[in-house]
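Chemist: Sequence:
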Amino acid sequence: MENKNLSNNNHNNNDLNVKFDLQNTDILDSIKDYIFYYQTADLNSVWENKASRILDDIAKKSGASDEKRCHKILFGLVEPCKNCPVKKAFQTKNHESEEFLSDGGKTWRIDAYPAIGKGNELTGVVEVIKDVTIEKKKTQTLTQKLTGRIAHDFNNLLMVISGYSELILSDLAQNDPLKNKVKEIQMAGERAAILTRQLLTFSNKQVISPKLLLVNNLLRPMENILRQLAGEQIELDFIYSEYEEAIFADKEQIEQIVMNLVLNACDAMLGKRDGKIKIRISNITIEVELLGHYGALIDKGQYVLISVLDNGEGMDTYTTDHIFEPLFSTKEGKGAGLNLSSVYEIVQQFKGFVTVESEMDTGTEFKIYLPQYNKNPPLSKEGVEGKEKKEDKETSYHILLVDDDANVRNFIKSALLKNGHKVAIAVNGFDALEQHGKNLDGFDLIITDIVMPKMDGIEFKKKAMERYPSLKFLLISGYSDKLARDGVLGNDVEYIQKPFGINTLISKIHEILED
Numbered sequence: 002m003e004n005k006n007l008s009n010n011n012h013n014n015n016d017l018n019v020k021f022d023l024q025n026t027d028i029l030d031s032i033k034d035y036i037f038y039y040q041t042a043d044l045n046s047v048w049e050n051k052a053s054r055i056l057d058d059i060a061k062k063s064g065a066s067d068e069k070r071c072h073k074i075l076f077g078l079v080e081p082c083k084n085c086p087v088k089k090a091f092q093t094k095n096h097e098s099e100e101f102l103s104d105g106g107k108t109w110r111i112d113a114y115p116a117i118g119k120g121n122e123l124t125g126v127v128e129v130i131k132d133v134t135i136e137k138k139k140t141q142t143l144t145q146k147l148t149g150r151i152a153h154d155f156n157n158l159l160m161v162i163s164g165y166s167e168l169i170l171s172d173l174a175q176n177d178p179l180k181n182k183v184k185e186i187q188m189a190g191e192r193a194a195i196l197t198r199q200l201l202t203f204s205n206k207q208v209i210s211p212k213l214l215l216v217n218n219l220l221r222p223m224e225n226i227l228r229q230l231a232g233e234q235i236e237l238d239f240i241y242s243e244y245e246e247a248i249f250a251d252k253e254q255i256e257q258i259v260m261n262l263v264l265n266a267c268d269a270m271l272g273k274r275d276g277k278i279k280i281r282i283s284n285i286t287i288e289v290e291l292l293g294h295y296g297a298l299i300d301k302g303q304y305v306l307i308s309v310l311d312n313g314e315g316m317d318t319y320t321t322d323h324i325f326e327p328l329f330s331t332k333e334g335k336g337a338g339l340n341l342s343s344v345y346e347i348v349q350q351f352k353g354f355v356t357v358e359s360e361m362d363t364g365t366e367f368k369i370y371l372p373q374y375n376k377n378p379p380l381s382k383e384g385v386e387g388k389e390k391k392e393d394k395e396t397s398y399h400i401l402l403v404d405d406d407a408n409v410r411n412f413i414k415s416a417l418l419k420n421g422h423k424v425a426i427a428v429n430g431f432d433a434l435e436q437h438g439k440n441l442d443g444f445d446l447i448i449t450d451i452v453m454p455k456m457d458g459i460e461f462k463k464k465a466m467e468r469y470p471s472l473k474f475l476l477i478s479g480y481s482d483k484l485a486r487d488g489v490l491g492n493d494v495e496y497i498q499k500p501f502g503i504n505t506l507i508s509k510i511h512e513i514l515e516d
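In the numbering used here, the protein residues as written are 2 to 516.
In case anyone wonders, no lab produced these hints; they're calculated from the structure.
The model shown is predicted, which means the values in this text are computed figures rather than measured ones.
Positions of the beta carbon are idealized from the N, C-alpha and C atoms, including for glycine.
Treat the hints with care, since some could be wrong.
What the hints assert, rightly or not - Here are the simulated distance ranges between beta carbons: (1) L472 x T396: 14 to 20 Å; (2) I240 x L143: 40 to 46 Å; (3) L472 x K139: 20 to 26 Å; (4) E236 x R468: 55 to 61 Å.
As the list claims (entries may be wrong) - Pairs of lysine to aspartate or glutamate residues, derived as DMTMM-like cross-links and limited to a Cα-Cα distance of at most 25 Å, are as follows: (5) K139 x D154; (6) K423 x E515; (7) K51 x D30; (8) K509 x E253; (9) K212 x E256; (10) K212 x E512; (11) K462 x D154.
Go ahead and model the full structure; you've got the sequences and the hints to work with.
Modeler: Set out below in structure tokens:
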């Protein structure tokens, strides 16, 4: 339909049930947002403001559209968007609003306002399209900062809850009636820690520390907590590969991938009595290029494949096409899993690929392909994180512990003393230099929190190593904005994300000092 510019074509006003005069049209033309007016739900506009006409001219020149339909002009789509607010407004006679993400990475908010004439009859729908990309980024930045602050404080609390539970359990006799109750406290702390890591991943604020990993042994310790999260009505089946190949990735983020996929599979089976989830780890050689999501080609080569298959409600083609988009969700307020865009981003970080296959009322399978580490000479399992735990040597070390949180400091000190180590403490980097600056080289290891007043852990490490370059450090944090901005930790930086268990801490100490 040919566009009608009402400011220059007053004779067309009679074709509209809503009258525009020259003044009103000039006002609408001054607005930078895109405004369309529709009389019918076929989405052919009968009027557009100046901004929309310019956009339409650009679309025409690129050959994208000959029709006045916003889904063609803005998104290049043949059919209207699935949740088109204009079509909804024609049906409901109410204001409808949706946000859409275009291929160019822009976020658009589309509002559809019903035009109601005499007799309460619908005479048309006015559509206002606004580019809210900058607004969304500002909101996202504020959300990320808030998430980081909450995560830092919450992880310190979880450190105390889970840590002292572990200490108490080690002191209780096997048949002590309190043992199971303390285990429940410890398990609740672990579940809360997983959710906190999900929030950091979701807000792109998780610190990445890639290392060589064996996926089989990495996931085995997760079985118990995954079964508890799934509940009694959902059956989990773990199938591990017959032999292990290493990948180069971040341990917590690989755990996060599996956690997200399992939680979302559980959401797909809410209320289902015979729900089943099969988690399979295998090694696979791709001999012909495959097509991943969003048209990404999966290169030929050797991969570790993580497959999560459920027999839930399944998804239609539209959903599978959009499932990894940041703003896309099928939950509508239900379920425990997080948006799957975080899974897609994590997989991409480590040069991997993801595919999804689904059938309505049958189930869904997500496949994660992560490149095997094939550098020569072949790596032994001794050099790979996720290997079977060995007994730590009973060696006593002199350790300086620097942390501003008294509860965390007292727990870590207790854990170190219980394992036979000598411990000195400081409340921040400035205090550590004041107390121990002249004899820092007398410590075998310095364990320091990152976020502290007066002098943070990173600045403290820098100043300390200017005096004593051979010092060994272990950085710990519930969250660090500095590390999150840098993104990936260097191979020479040893780091543990709070909350961590005693065994994790002690193993890490021996790994650093006996490597």
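Chemist: So, for every hint listed, does it hold in this structure?
Modeler: Hints versus structure:
| no. | hint | result |
| --- | --- | --- |
| 1 | L472 x T396: 14 to 20 Å | 18 Å, holds |
| 2 | I240 x L143: 40 to 46 Å | 43 Å, holds |
| 3 | L472 x K139: 20 to 26 Å | 41 Å, violated |
| 4 | E236 x R468: 55 to 61 Å | 58 Å, holds |
| 5 | K139 x D154 | 23 Å, holds |
| 6 | K423 x E515 | 17 Å, holds |
| 7 | K51 x D30 | 5 Å, holds |
| 8 | K509 x E253 | 15 Å, holds |
| 9 | K212 x E256 | 13 Å, holds |
| 10 | K212 x E512 | 13 Å, holds |
| 11 | K462 x D154 | 22 Å, holds |
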